[in-house]
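In order, the protein sequence lines correspond to chains A and B.
All letters in the first sequence, in the order written, are residues 1 to 409 by the UniProt record's numbering.
All letters in the second sequence, in the order written, are residues 1 to 524 by the UniProt record's numbering.
Worth flagging that the hints you see were computed from the coordinates, not collected in a lab.
Beta carbons: idealized from backbone N, C-alpha and C, even for Gly.
Be a bit skeptical, because a hint or two may be false.
As the list claims (entries may be wrong) - To be clear about the criterion: a stretch of chain A counts as covered by chain B if any three or more of its residues have a C-beta under 8 Å from a C-beta of chain B, and this derived list gives those stretches:
(1) 9-15
(2) 58-68
(3) 334-347
As the list claims (entries may be wrong) - A partial selection of chain A residues facing chain B, derived with a Cβ cut-off under 10 Å:
(4) I4
(5) D6
(6) R21
(7) L23
(8) R24
(9) E28
(10) G85
(11) D86
(12) L165
(13) Q169
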Amino acid sequence: MSIIIDRRLNDRKKNAVNRARFLRRYKEQIRRAVDDLVSRRSITDMEQGGDVKVPVKDISEPAFRHGSGGDREVVHPGNHRFQQGDRIPRPPAEEGGAGGQGQGEAEDDFVFKLSREEFMNLFFDDLELPHLIRNVLGDVRDYKWRRAGYTPSGVPSNLSVLRSLRNAQARRIAIGAPIRRELEEAEAEYARSPTTALAERIETLRARLSRLPFLDEIDLRFRHRVREPQPVARAVMFCLMDVSASMTEDKKDLAKRFFTLLYLFLSRKYERVELVFIRHTDNAQEVDEQTFFYGTQSGGTVVLSALRLMDEIIEARFDPATWNIYGAQVSDGDAFGADPEKSRAFLEDRLLPDLRYFAYVEIPDEPEALGLLAHAYARIDHPDFAMKSVTERNEIYPVLRELFSKEAA
Amino acid sequence: MSKPSGARADRSATPRSGARVQPPSVQPLSAGGEWSFELIDTYDRAIREIAVGEFGLDCYPNQIEIIASEQMLDAYASLGLPIGYAHWSFGKEFIRNEHLYRKGHQGLAYEIVINSNPCIAYLMEENTMPMQALVIAHACYGHNSFFKGNYLFRQWTDADAIIDYMVFAKKYVMQCEERYGEQAVEEVLDSCHALMQHGVDRYHHPAPLSVEDERKRQIERERHAWRQYDDIWRTLPKAGRDAERRARRSERIYPAEPQENLLYFVEKHSPRLEPWQSEIVRIVRKMAQYFYPQGQTKVMNEGWATFWHYTILNRLFDKGLVDTGFMLEFISAHTNVVSQRGYDQRGYGGINPYALGFAMFSDLKRICVAPTAEDRSWFPDIAGSDWRSVLDFAMRNYKDESFIGQYLSPRLMREFRLFAVADRQSEDAYLVDAIHNDDGYRRVRRLMAAQYNRDNQIPDIQVLRYDRRGDRSLTLRHRRHRGRPLDDDAEQVLRHLHRLWGFAVRLVTVDENDKEVASREIKS
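The shape of chain A in the complex, shown without the other chains (with noise of 0.2 Å):
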């Protein structure tokens, strides 16, 4: 007879091993596709999981086939126009065989779905972050335990042996409540008349109240603990950036991934968390994230505009006894005239007391060249104030590295 066995418990992911292998392998390809994400996303869905391609011809498995060319016969079936010596021309495509090959999506290339933590796992590769902060971003939620009464089951070290022992007291006064009746009653008559059968039970009564444990397992108790989502607050954070005709695409693709991991760390710390886009030439606008890194714009270069832009919006929506507020600029570094100095001062004095957090990366030209903006912002002297030079993905984390090691532990 068969044998019929119910196999769905079983382990479901036999293939997590040859998909991580597989993944491994063709990082370097499945990391170019995931740039590419990166570029076509918003700064707020950053964290998904997302349609990978990745070219066939680069993880093909190479077999010994036979090519075109030479001579062969294929049989085809629902003939109803041809017959025999008829002759059909040629496809121009280097198409095999006759006819229908079907119009199916071109097979150029392999698409498959990254997981929201494979995602995030190649995206923090790219910047370096450590494992610490991989973590506290990686996690969905921050939980924290809170006590939540008694549990009869638990790990001895949450005993809690008052309750304990006031349950074993319960029980057996309970218990023993109907036997010391008995006894009394007993031991009563005994005082009356006085005759061995009396005393024998009186002996077993108490034998019976003896035996009763006094402590017993179902008396146990222990502190239970229960994992509750940390209270949220909201934050806002202040993106700023120069987009005067020197930074170029690539630098806004180090910007843009520079704001997506603040945002990142902030939406894991905040409930809600408000993004201002504020792009600035020699005068400041607040914009919406497509504008903000792919609108083109040109002009000179006023700092300040920005910062004051920013105080104005701070001043008329957020207000910093309700908010967090975060900020976080990038520039290429050019600024003429008293524009730095007029800056440093207005972000030193004006923002900065009602900020958490104001953090300035530049991407110059060169590396090692340090702009003016840099040189003037280097004299800010301010826990919560970070900056760095950066040109390269992997020196963005640094940046925030204070703020996390600080926000995170």
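Add chain B to chain A, keeping to what the hints say.
Coordinates of chain B only, in the frame set by chain A:
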């Protein structure tokens, strides 16, 4: 899974054998689409009664396993085997299928069945009861009896040992990864996979697999290597050595005859492979050998299973064990499976092996039961004879190529409207070579059979020479089949072979007259 009312199902669990006349009290086994383990058992018994009891199919015992769709995707990726060693290519397969499935581009197969003893069949939990019954009839009795009966499977695979062997292989590869690193193992596996199609013996019989022997042999071999390693022996002069050396020097060509099993040759003779690497080559080779008959009998195997599920389920209906709702669902699924699109229709992907196989077995039955004059002249031996023994004989003794060559009838060629298109290098257009008419039947049939000939699908490449006494180079010969060259991958495959071999590897392409037309070489 909710359980449908079991009581009614149980009452008619085992229909009495040979119950030709339908007793009025017979109730359908179940109603609706829900399945339960009791129902599967009930259906399995009823189907067995028909398959084995009435039609005399000879099967391995069945092991029916219910799995979830993710597990089906897992099984897909590991070539349908329930267990296998870890390799990225399986991950790639898995990812591809998962993506297609999730996007809805591709449904999952209803079932996977493994050529083992007992015969393991996977049923998906998502399927309805009629589908489960279809799968049981198709896999557990159709494929199962084919695995047990067909000569290729009997000769080339060892149903008793395959699962144990795969367990051994998985463990062994894992041990190697621990000892030599994942990277090193992966490299060997990559190279072996590239040569997998050429790791098959077509004319020698492989020795039966035995895990115990396999493990012992492998340990023995390693010990032997240890014991033999003694550098001093090399320096000792030995009588007779010179004579031996002279004899060897006179050896001109090794191997004496060209060898078609490249992986076997590499495993036995590679000058560079460590013992553990040879062992991995052997594992891949054994797998290739195991799958070899499947590639040769796709049409027959699927056709046979489809023919039987069709026959068995119709019989269930005739006996009153299933209701019309069941039959409607079954017929709709069956029709999908055996649909054949024309060459110019959307979604045409070549000849559907299910459609062709099912049509051929059904046609064979028709020729036996109700032959026409045409059938009598084409198939005088079988027209009008007992269909069950004719089908049984065909199932046991043919593979796709010979089956089509023998049994494809003119009537079927007309039904499929088959026509052959010739693609000749010398012509600047395709030529319609033959069509389904009196002049063309024999030629269409011959060409169709040739299409399933392995040489048509896989280039003929053999080991020609191993220069044992010289530079240790390996020479392969590719004999062109009707002027068809190798595609560009060949260069990469040669590199893989070179990695396994360790010394220069040469591939010489010759035409049908053994005249050299091209050659490639990877120098050491």
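Going through the hints against the structure:
| no. | hint | result |
| --- | --- | --- |
| 1 | 9-15 | holds (count 5) |
| 2 | 58-68 | holds (count 10) |
| 3 | 334-347 | violated (count 0) |
| 4 | I4 | holds (5 Å) |
| 5 | D6 | holds (5 Å) |
| 6 | R21 | holds (4 Å) |
| 7 | L23 | holds (8 Å) |
| 8 | R24 | holds (8 Å) |
| 9 | E28 | violated (14 Å) |
| 10 | G85 | holds (6 Å) |
| 11 | D86 | holds (4 Å) |
| 12 | L165 | violated (48 Å) |
| 13 | Q169 | violated (48 Å) |
Violated hints for the displayed structure, listed by number in ascending order: 3, 9, 12 and 13.
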